[in-house]
Structure formats: structure tokens, C-alpha cells
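K.L.:
Sequence:
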Amino acid sequence: LKFYLKAQQNVLLEGRAGTGKTTIITEVFNEEFGEGNWLYLSGSTLDPFVDFVGVPKEVSDSKGNPYLDFVLPKHFVLKDIKAIFIDEYNRAHKKVRNGCMELIQFKSINGKKFPALKAVWVGINPFSDDELDQSYDVEQLDPAQTDRFQIQIKLPYQADIQYFTSKFGADAAKSAVEWWSALPKQTQLQVSPRRLDYALEIHKLGGDVFDVLPFESNPSKLITSLTVGSIEDKLAEIFAKSDYAAAKDLLSAENSYQSAIPFFTKSKDYRKFFLPILSEERIISLFFKNQEIQNFMIKNPLYFKEALVQIKDADSCENHVKSYIIKSLKNIENMELTTA
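According to this note's numbering, the residues represented by the sequence shown are 19 to 358, in order.
It is worth saying that the hints were derived from the structure and are not from the lab. Don't take each hint at face value.
[To be verified] Label-pair distances were calculated between CB atoms; the ranges are:
| # | residue 1 | residue 2 | range |
| --- | --- | --- | --- |
| 1 | LYS345 | GLY224 | 30 to 36 Å |
| 2 | GLY224 | GLN309 | 20 to 26 Å |
| 3 | LYS345 | GLU255 | 35 to 41 Å |
| 4 | VAL327 | PRO232 | 39 to 45 Å |
| 5 | PRO84 | TYR58 | 24 to 30 Å |
| 6 | LYS259 | LYS286 | 46 to 52 Å |
| 7 | PRO144 | PRO84 | 28 to 34 Å |
| 8 | LYS259 | GLY187 | 23 to 29 Å |
| 9 | PRO202 | GLN309 | 43 to 49 Å |
| 10 | ILE171 | ILE344 | 20 to 26 Å |
| 11 | TYR22 | ILE179 | 46 to 52 Å |
[Unchecked claim] EDC-like cross-link-like pairs, simulated, lysine to aspartate or glutamate; straight-line CA separation at most 16 Å:
| # | residue 1 | residue 2 |
| --- | --- | --- |
| 12 | LYS112 | GLU50 |
| 13 | LYS24 | GLU50 |
| 14 | LYS130 | ASP98 |
| 15 | LYS136 | GLU250 |
| 16 | LYS112 | ASP79 |
| 17 | LYS130 | ASP87 |
| 18 | LYS100 | GLU50 |
| 19 | LYS317 | GLU272 |
| 20 | LYS284 | GLU324 |
| 21 | LYS348 | ASP333 |
| 22 | LYS130 | GLU120 |
Think of the CB as a built atom: it goes at the ideal place given N, C-alpha and C, for glycine as much as any other residue.
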């Protein structure tokens, strides 16, 4: 973005609410121009005449003939504007969007030139989103309008680890982003990165994150992550030391256990070390929920003999899975007979 600003390119930045569009552009503009030399306008609250294109006023020419001309708002007249950012551009009045096209093409509004103007940037929310039965109060932009922006960027809907690290420190950032990334997709849409930011601010102040986050997101799990630290780091440390006691202690907490499950799925070494530590109830539950863990248990029956026997006899166990388990357990019996 800094490159495009220095190159005086007009940018359209699209992203869901809470992805940091305003923060990103504000930081880039402030760094390049300083706080007083660029203009921020909120499209959703912008009056097309009072705040943007101006209001008509009777004036006279040199011969005294009256006519109407537009008087621009104060922020356009008194500032040596180098850049303009219109937030929530697709919630702005059509007159504003048309005026923006004039700004981009001619660096003027109703003929009033802005010779110092380098770029016009806008932020928009998506017009439609099939992932959630919810639409923003926005209008679909005319292709002729979007085509005026040389650069069009879609921000990913994700929690930015660099941003959270700079604001809350590496440990809190990693724990929070880990927690957010593990949320179901629909719950993530309820907990925007901005809402996660709010939650971390409240937690830092000693407040209750339950007052910030929806119940569906399991705020207690976030609190545990912030208190205990990154589950990924904890697992790595325990695994490196082969500390079975620490592993049992960590995984005894339900929230820590739930946070650890994705890492068991990814790593064969982790499965071999951590799974036998779990209770049979948890092992059986994971067997039915995760194919990687199911395959691992069947291939390593010595670690899970009692659990596999229970799974084999369960009504919910499919016949082809039962046959694999029976074969696996038979191999153990043969090994025991050979040893005897």
C-alpha cells in the first residue's frame, strides 16, 4: 500500500467489517503525509452537499448578473489536501460517488481544483456474502466507478498476528490468534478481528471478555489461552522434554485439551506422545471424530488396546472399521503368543 501511495495510485480496499481497513489506511496516510494533510470522510454519514460537493449559493459575475455556484465545505477550502480516504464508500450517496469520479479523473469537485491531491482511496464492505445470511447496508458499485481505481485489493478475513503482537505482545497475540483461528467459520463471522481487539483490550484492563464476545465463541477458552499461553508453544515444550506429568496436567483442563486437538491431528509424533495420556473416554471420542487419529490408533493397537475393544463393541462402529480393529487386535494376540 505504501508503494501505491508513493506512486499516486487510487486504491479500492474491500473487506468485511472489522478487518482493519480504516486502521491500515490511516497508518499509511499518516506516515506519508502527516495527520493534518489528508482528509477522512465517512461515506455512511456523509451529506452529499453539505460535506462533499457543496451547497448552492447565489453569486454575481463582473456585470452583476446573478447565478448559482457551489460553496465547498470548510475542510476542502482551508486544507492543502494531499489524499482523500472515503470509508464505507459503497454506503455513500450516489452524488458522493459521482463526485469521487471527478476527483479521481480531474482532481476537482465542481471545477474546484486540488493541485496537491495525490490519491483518492476508498474502503468498502462486500456487497454480498453467501457464507452468512446477512447483508451489509451497502449498494453495489457501478463497474465504471470501480474501474477508476487502478488498485483493487481484497483483505482476507483473518486476525493479523503482526498487528496483535505490536499492540498486546507476542504471547497474548499468539494465544488470541490461535483461539480465533480455531473457531468455526460462522462464529468467526460473529467475532471480527476488531471484536477480538476489543476483547483483548478489556482483558488487559481487567474486564470481563464475556461482555465483549458472543457466548458461542467460548470466551472462557480465550481466557484460558491468555492465562496459560500459546497451546502450540506449551505442547512443543512438553514434547521436547518428554514431560508426561506436565502433559497430563495441561490436558486435564477441558479448554486446553480442546485447543490441543488440532495439533494432534497434524503431528504423528504428537499423537504418539499425547494420545496415550488421555482418558479412554477422550480417546474413543477422538477416534470417531478424526480420521487421522482413527488410522493412527488402529495401526498402533498396543497403546490403545482397551479403547479399541470398547470401540469394536460399540453399536456406532461401522462394520468395515470393526474388521480393521479385529485384525489389529489379533496382531497383538499373535505377538503376545509369540513372546510367551
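K.L.:
Work down the list of hints and note, for each, if the structure agrees.
P.N.:
Hint by hint, here is what the structure shows:
no. : hint                         : in the structure
1   : LYS345 to GLY224: 30 to 36 Å : 57 Å, violated
2   : GLY224 to GLN309: 20 to 26 Å : 43 Å, violated
3   : LYS345 to GLU255: 35 to 41 Å : 37 Å, holds
4   : VAL327 to PRO232: 39 to 45 Å : 41 Å, holds
5   : PRO84 to TYR58: 24 to 30 Å   : 36 Å, violated
6   : LYS259 to LYS286: 46 to 52 Å : 19 Å, violated
7   : PRO144 to PRO84: 28 to 34 Å  : 47 Å, violated
8   : LYS259 to GLY187: 23 to 29 Å : 25 Å, holds
9   : PRO202 to GLN309: 43 to 49 Å : 19 Å, violated
10  : ILE171 to ILE344: 20 to 26 Å : 56 Å, violated
11  : TYR22 to ILE179: 46 to 52 Å  : 23 Å, violated
12  : LYS112 to GLU50              : 30 Å, violated
13  : LYS24 to GLU50               : 8 Å, holds
14  : LYS130 to ASP98              : 13 Å, holds
15  : LYS136 to GLU250             : 45 Å, violated
16  : LYS112 to ASP79              : 31 Å, violated
17  : LYS130 to ASP87              : 11 Å, holds
18  : LYS100 to GLU50              : 10 Å, holds
19  : LYS317 to GLU272             : 27 Å, violated
20  : LYS284 to GLU324             : 24 Å, violated
21  : LYS348 to ASP333             : 20 Å, violated
22  : LYS130 to GLU120             : 10 Å, holds
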